[in-house]
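Undergrad: Quick note, the sequences are listed as chains A and B, same order. Numbering-wise (our numbering), the first sequence opens with residue 3 and increments by one. Numbering-wise (our numbering), the second sequence opens with residue 396 and increments by one.
Because the hints were derived from the structure by calculation, they are not lab data. Certain hints may be false.
For lysine to any residue, the following SDA-like pairs were computed, each having C-alpha atoms within a straight-line distance of at most 20 Å [as the list claims (entries may be wrong)]:
| id | chain 1 | residue 1 | chain 2 | residue 2 |
| --- | --- | --- | --- | --- |
| 1 | B | K463 | A | D12 |
| 2 | B | K575 | A | G29 |
| 3 | B | K575 | A | E21 |
| 4 | B | K545 | A | R24 |
| 5 | B | K575 | A | D12 |
| 6 | B | K545 | A | E30 |
| 7 | B | K463 | A | N20 |
| 8 | B | K545 | A | D16 |
| 9 | B | K463 | A | N13 |
| 10 | B | K463 | A | E21 |
| 11 | B | K575 | A | E30 |
| 12 | B | K575 | A | R17 |
| 13 | B | K575 | A | L39 |
| 14 | B | K463 | A | E28 |
Here the structure is a predicted model, which is why all the values come from computation and not from measurement.
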Amino acid sequence: MWSEDDSADDNELDRVINEAARRLTEGEPPAVTTRVLARLDQPMLPRLLQLPGRAILLTFLAAALAVIVFAIVVIRPLVQPFFHPSGAGKTQPNLPSPPPAVVATERRQPGDNPPEPTEAVSPRRRSPTVVRSGPDAIDAAFALPALTTSPLVTSSLAIDPLASTALPAAGSISVPPLEPIAPLAVPSIEEPQRD
Amino acid sequence: VDDAELVVRARQGESAAFGELVDRHRTAVYRAALAALGSPDEAEDAAQDAFLAAYRRLDSFRGASSFKTWLLTIAWHMAINRRRGLGRIWFRLVRSAGNRAPGSAGNRAEAEAGAALACAPSSEPTPEEAAASAQLMRIVQDAIRGLPPKLRDALLLAQSGEYDYGEIGAMLAAPIGTIKWRVSEARRQIRQRLRERGYADVVRRR
Numbered sequence: 003m004w005s006e007d008d009s010a011d012d013n014e015l016d017r018v019i020n021e022a023a024r025r026l027t028e029g030e031p032p033a034v035t036t037r038v039l040a041r042l043d044q045p046m047l048p049r050l051l052q053l054p055g056r057a058i059l060l061t062f063l064a065a066a067l068a069v070i071v072f073a074i075v076v077i078r079p080l081v082q083p084f085f086h087p088s089g090a091g092k093t094q095p096n097l098p099s100p101p102p103a104v105v106a107t108e109r110r111q112p113g114d115n116p117p118e119p120t121e122a123v124s125p126r127r128r129s130p131t132v133v134r135s136g137p138d139a140i141d142a143a144f145a146l147p148a149l150t151t152s153p154l155v156t157s158s159l160a161i162d163p164l165a166s167t168a169l170p171a172a173g174s175i176s177v178p179p180l181e182p183i184a185p186l187a188v189p190s191i192e193e194p195q196r197d
Numbered sequence: 396v397d398d399a400e401l402v403v404r405a406r407q408g409e410s411a412a413f414g415e416l417v418d419r420h421r422t423a424v425y426r427a428a429l430a431a432l433g434s435p436d437e438a439e440d441a442a443q444d445a446f447l448a449a450y451r452r453l454d455s456f457r458g459a460s461s462f463k464t465w466l467l468t469i470a471w472h473m474a475i476n477r478r479r480g481l482g483r484i485w486f487r488l489v490r491s492a493g494n495r496a497p498g499s500a501g502n503r504a505e506a507e508a509g510a511a512l513a514c515a516p517s518s519e520p521t522p523e524e525a526a527a528s529a530q531l532m533r534i535v536q537d538a539i540r541g542l543p544p545k546l547r548d549a550l551l552l553a554q555s556g557e558y559d560y561g562e563i564g565a566m567l568a569a570p571i572g573t574i575k576w577r578v579s580e581a582r583r584q585i586r587q588r589l590r591e592r593g594y595a596d597v598v599r600r601r
């Protein structure tokens, strides 16, 4: 049952609660007017930086930047010696096969001289005198000797002249005369009798 | 000069007119932000942001409501957006975990405050009684902070003395009847918590 004591208790408790709530929101903002007027003339920040979740956005950007820096500074020096051919204490990895060569051939006629040795032409022509260091040393191991190019020798093609023969004269075309057509006899139409 | 005239002058680029508007409503805006955020520093930042946002949206103010209500709505939304930030959520999680730990300093102080108030005579307040009263106030404030946000916001705004129920309803986007119910429900839940901890008798003996 609800009694007067309970009501008095509630009133007293409410008074304490109201006072506590009032104290939680009391206070005056110091110098807000001056600061607001000072900021009125400043340019607005980009909309992206005014979002409520800008802290999350900036955190993600900072994390992404840290990952990039980590990859550049830490991982790259660890990976490069692994592929170095003369690296001490490192196992030689399965090196990729050189790129497929393009074989240069020429069309020959039967009876010509035997074909000269073909030359393999790599798409990446490198001079053996070029010495590279650092990460490009792997390319130096695959350097091919310099190519000696010789001009192509082609024999002229002998083509027989075409033989032309006169066509026989065609005979005159005989057309049989057309038969005369007899006129058609059309009977007259009789009118139907009505009852 | 009323607010409407100051708004017109501020729209024409007169910053002093807007400064007068800021001066008139800075306390109301600040206390609304403080009710939402609970931190004076953050409330001041939110109040400044709210005034700047209002200045840049002055053209959208049509006069359907009072300038104060329009301004408070902007301020409340900005404060709520700030409250939803990741940092504050983490801060509140840590703080609530610390407050609820059994045997924590907060719980011990709470028990000591209750004992001091219960044993104190009802005449002149002794230093111990004054300290216990302050401790009781902190306990009630912690209970208010532990309320669901909708109830807590309504109670704090209603008790700040700056707004009527219509303005609170505009800020919280709820009917006046709903606001009154929330305030009443907030008080009821706090009373219940105080009774469960034995503070109803303590308050009665004060």
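Undergrad: Work down the list of hints and note, for each, if the structure agrees.
TA: Here is what the structure says about each hint:
{"no.": "1", "hint": "B/K463 with A/D12", "verdict": "34 Å, violated"}
{"no.": "2", "hint": "B/K575 with A/G29", "verdict": "24 Å, violated"}
{"no.": "3", "hint": "B/K575 with A/E21", "verdict": "18 Å, holds"}
{"no.": "4", "hint": "B/K545 with A/R24", "verdict": "17 Å, holds"}
{"no.": "5", "hint": "B/K575 with A/D12", "verdict": "17 Å, holds"}
{"no.": "6", "hint": "B/K545 with A/E30", "verdict": "24 Å, violated"}
{"no.": "7", "hint": "B/K463 with A/N20", "verdict": "24 Å, violated"}
{"no.": "8", "hint": "B/K545 with A/D16", "verdict": "18 Å, holds"}
{"no.": "9", "hint": "B/K463 with A/N13", "verdict": "32 Å, violated"}
{"no.": "10", "hint": "B/K463 with A/E21", "verdict": "25 Å, violated"}
{"no.": "11", "hint": "B/K575 with A/E30", "verdict": "26 Å, violated"}
{"no.": "12", "hint": "B/K575 with A/R17", "verdict": "17 Å, holds"}
{"no.": "13", "hint": "B/K575 with A/L39", "verdict": "36 Å, violated"}
{"no.": "14", "hint": "B/K463 with A/E28", "verdict": "19 Å, holds"}
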